[in-house]
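A.B. asks: Work out the full structure: start from the sequences and follow the hints.
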Amino acid sequence: MIKLAWFRGAADGVTLDLDSKSAVVYGENGSGKSTFVDALEYAINDGRIGHLSHEYSGRHQEKGIINTHAPGGQTAELVIALDDASKLSAEIGRAGAPSYTGTAGAHIRGWNYGRTVLRQDEVASFIRNTKGGKYSAILPLLGLAPMEAAAENVRQLSRMVELRSGLQEGKGQLRAAMDKRKAELGELSDQAIDEKVRRLYKEHCPDKTSTEPLTQCKEARDAIAVRLEGHSDEQQRNALLLDISRIDLISRIGAMRRTSGALAAATEPRLLEKLDVLHSAQAYTHALKDDQDISCPACGTPMPSRQFRAHVDAEAQRLEEMMTALRARRSTVESLRDALKALKRALDADMVRAWAVSKKLDSSAAYLAVLDISTLRYTEDELQEIESKLLPVVAEATKASKKALPGVKDLSSEAHFLSAASDVVAVRSLAARLARAAEVVEFLKALENGIREEIRIRSQAVIDELSTRIQAMWAILHPGEAIEGVRLYIPEGADKAIDIEVKFFGVEQPSPRLTLSEGYRNSLGLCIFLAMAKRDSGVERPLFLDDVVVSLDRNHRGMIVEVLEKEFADRQVVVFTHDRAWYSELSQQLDPASWRFKALLPFEKPEVGIRWSSTSSTFGDARALLQGTPHAAGNTARKIMDTELAVRTERLHIRLPYLAATRNDHRTAHDFLYQIIADAPDCFQKKTPNGYEANISGVEVLRHADTLLVSWGNRASHTMDVVRPEAEKLINACEAALDVLKCTDCKKPVYKFEDSRAEILQCECGNLRWRYGNA
Amino acid sequence: MTEVQPEENWVRVRVRNAADARPNLPEHVPAILETLLAREFVEQTLPGKKLVDIAGQLLADPRTEAPQ
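If you read the protein sequences in the order shown, they are chains A and B. Per this note's numbering, the first sequence starts with residue 1, numbered consecutively. Per this note's numbering, the second sequence starts with residue 1, numbered consecutively.
If you're looking for bench data, these hints aren't it; they were derived computationally from the structure. Hints may contain errors.
Here are the in silico distance ranges between beta carbons for each label pair [as the list claims (entries may be wrong)]:
{"hint": "1", "chain 1": "B", "residue 1": "A31", "chain 2": "A", "residue 2": "D84", "range": "39 to 45 Å"}
{"hint": "2", "chain 1": "A", "residue 1": "E540", "chain 2": "B", "residue 2": "E43", "range": "20 to 26 Å"}
{"hint": "3", "chain 1": "B", "residue 1": "A31", "chain 2": "A", "residue 2": "K171", "range": "25 to 31 Å"}
We treat Cβ as the ideally placed atom computed from N, Cα and C, and that holds for glycine.
C.D. replies: Encoded structure:
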């Protein structure tokens with residue numbers, strides 16, 4: 001039940017009472033059908049109605065939601081009651097903010113609007129949507145939102161692990177350490193390094209027992225330093241000069257120049273490009289106003305959407321290259337900084353400084369003494385100064401160190417090895433940590449791919465099932481037609497995308513938009529909506545179809561009944577239509593045991609609001625015209641009879657004479673009544689205590705209506721010369737004529753049941769019958 | 001004995017498939033993921049802070065630190 005007061009077109013109170021049944025609601029344009037659909041959308045979407053989204057509708061859309069003629073201080077109200085007696089009530093004040101009460105709110109808000117309501121202008125929206133939009137529309141149906149959340153969480157977690165572990169930075173450090181190891185230890189394996197450390201430890205520290213390689217390195221170096229102190233001052237100085245001679249300043253400065261050059265090469269053009277991006281971004285802001293194509297949001301380059309992914313990948317690749325260049329430079333900075341520190345440390349020794357002065361290298365020593373290594377930026381000027389001041393020191397030290405005794409050379413070499421070996425050992429824990437982080441990252445990436453594969457498999461299964469349903473419904477609506485093979489599919493290589501293909505006269509079409517007419521597209525859209533709704537059959541919620549058959553012709557429209565009866569027998573469906581003929585057909589074809597038929601009166605004015613007709617017939621349309629235009633009321637009554645009698649004549653198996661060409665489709669109420677009245681004396685019977693007798697009184701009612709239709713109905717149509725009492729009498733006679741064919745006891749039409757062998761139709765209780773075999 | 005629910009099933013299959021291909025992966029990592037995918041990971045997109053906590057658990061060295 002939906003009850004409204006001052007909501008949209010409703011005045012002080014109007015109720016769509018469904019009594020737990022499905023319903024067909026007739027109302028001409030503007031009578032207020034969509035107000036009930038709006039109310040449902042308002043309840044589902046927490047106070048928002050899509051078609052009211054407009055700058056003029058107010059913060060809470062109150063200017064569109066509250067009846068423009070609601071009395072001062074009057075609030076708008078809506079109540080939606082469910083079968084289990086739970087309710088959602090909303091009271092909407094003048095400012096538009098709703099206050100909700102009732103226990104059904106959470107339940108109703110849990111309904112998916114797009115799978116509960118289909119409006120006229122939304123029928124083909126699925127087909128018009130992008131592939132991504134189609135996927136989003138279907139995603140809730142797939143039941144894969146949790147898996148999507150899982151895949152996204154795993155992806156984010158992978159990124160987080162990468163950041164937190166410093167994987168990329170660490171890889172750079174590791175690479176620098178490996179370069180250093182190679183330069184100082186050559187291709188020595190870890191095992192060979194460990195063995196040599198153990199041997200030197202045993203040789204220089206015979207009384208010590210450490211098994212930890214780092215400790216062994218340190219203690220062995222300390223022991224070597226003590227042994228060197230036992231040599232003469234000159235040999236001790238030579239040992240220090242040997243250390244200086246091992247500092248490969250030339251190659252480190254060269255590496256610095258190379259990496260700086262590479263960084264500049266990678267960075268400078270990119271910076272220039274970024275300036276262009278800014279210019280493009282400025283153009284982009286103007287482009288928005290002009291409704292031009294959207295450019296790449298990353299760099300501003302205009303391109304078709306399908307190239308966007310490749311473009312973004314290329315951009316990422318270029319940034320990666322810049323990052324690699326940056327890391328390489330950072331590594332060479334660290335290497336050169338280490339070399340400068342080692343040189344400074346060596347020249348700090350008094351005996352080496354004195355040696356430098358004796359070699360006329362005192363300006364180099366003074367330069368190094370005041371050099372703040374931490375503030376160097378390694379510009380070309382700085383590198384040239386380092387070269388000019390410090391390369392001579394290394395060259396002289398290399399020359400002088402040759403005078404070192406072999407024993408001193410060995411000790412110096414061993415100390416250098418132990419220093420390099422301790423770096424190798426220290427880097428091993430970093431390598432192990434990074435390897436573990438890399439394993440976790442790779443695992444998470446594989447897991448994300450696995451989840452996405454699972455999503456794809458399940459999506460495929462669900463869309464196959466949906467395709468089967470769509471095909472079944474399409475086959476009902478379009479039996480034997482040349483458009484077939486309608487199916488949803490996941491486009492090749494696409495992620496989060498779904499599209500529709502059809503066979504058009506046997507030729508596969510990747511999109512129905514290529515060949516299908518608007519009517520067929522709407523029909524297909526309806527099938528897709530119903531297939532998706534059907535997929536949700538486990539969900540207890542109604543379906544609201546608001547004027548969805550507007551663009552379907554009579555043949556296709558007629559088949560919708562079969563779809564509703566076949567596929568939605570266990571679901572509450574509310575069909576709104578302004579099509580009187582279709583309403584009449586539905587009211588004859590759908591079972592009144594599970595369907596209600598209700599008609600709205602034409603909208604008169606906001607203060608009066610939406611009103612129901614007192615009967616389920618559409619004569620309310622005619623009565624609404626009595627006051628101002630009685631001839632139009634009479635004409636409307638005749639039009640209603642044209643439609644209603646056509647359906648009833650068919651149901652009564654009345655044979656009408658064949659007319660030439662299209663005249664068969666243009667029979668009037670009089671044509672039908674003439675034949676019904678002609679057959680009725682023999683066919684139309686009612687039960688009496690003496691058995692079945694001809695329903696003479698009923699025939700008289702039919703004849704009376706026919707008489708008035710011929711005179712006043714035709715006059716109303718052609719000369720507009722009908723006054724109000726005449727039109728009113730005509731309407732009443734027409735309504736009475738239709739009622740004659742309905743039993744006054746069981747309220748069911750005379751054609752409710754049929755015995756085709758006996759050629760008899762009868763109402764449910766059998767008081768009224770029609771023996772069509774007698775005709 | 002409790003029947004294995006289909007949702008739990010895919011989680012286990014996918015986690016194990018990904019883990020089986022990586023013999024050097026610490027054992028606690030797939031165990032944590034299996035638990036997460038059966039619970040909060042499938043409920044919503046998690047905030048960054050929560051993910052940082054989980055990343056810390058995954059990166060913990062099982063020889064020196066017990067994952068929380």
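A.B. asks: All hints are to be evaluated individually against the structure, with a verdict given for each.
C.D. replies: Comparing the hints with the structure gives:
Look at B:A31 against A:D84: about 44 Å separates their beta carbons, and that is inside 39 to 45 Å. Checked against the hint of 20 to 26 Å, the C-beta distance between A:E540 and B:E43 comes to roughly 24 Å, which is consistent with it. Between B:A31 and A:K171 the Cβ separation comes to about 27 Å, which falls inside the hinted range of 25 to 31 Å.
Checked against the numbered hints given earlier, this structure breaks none of them.
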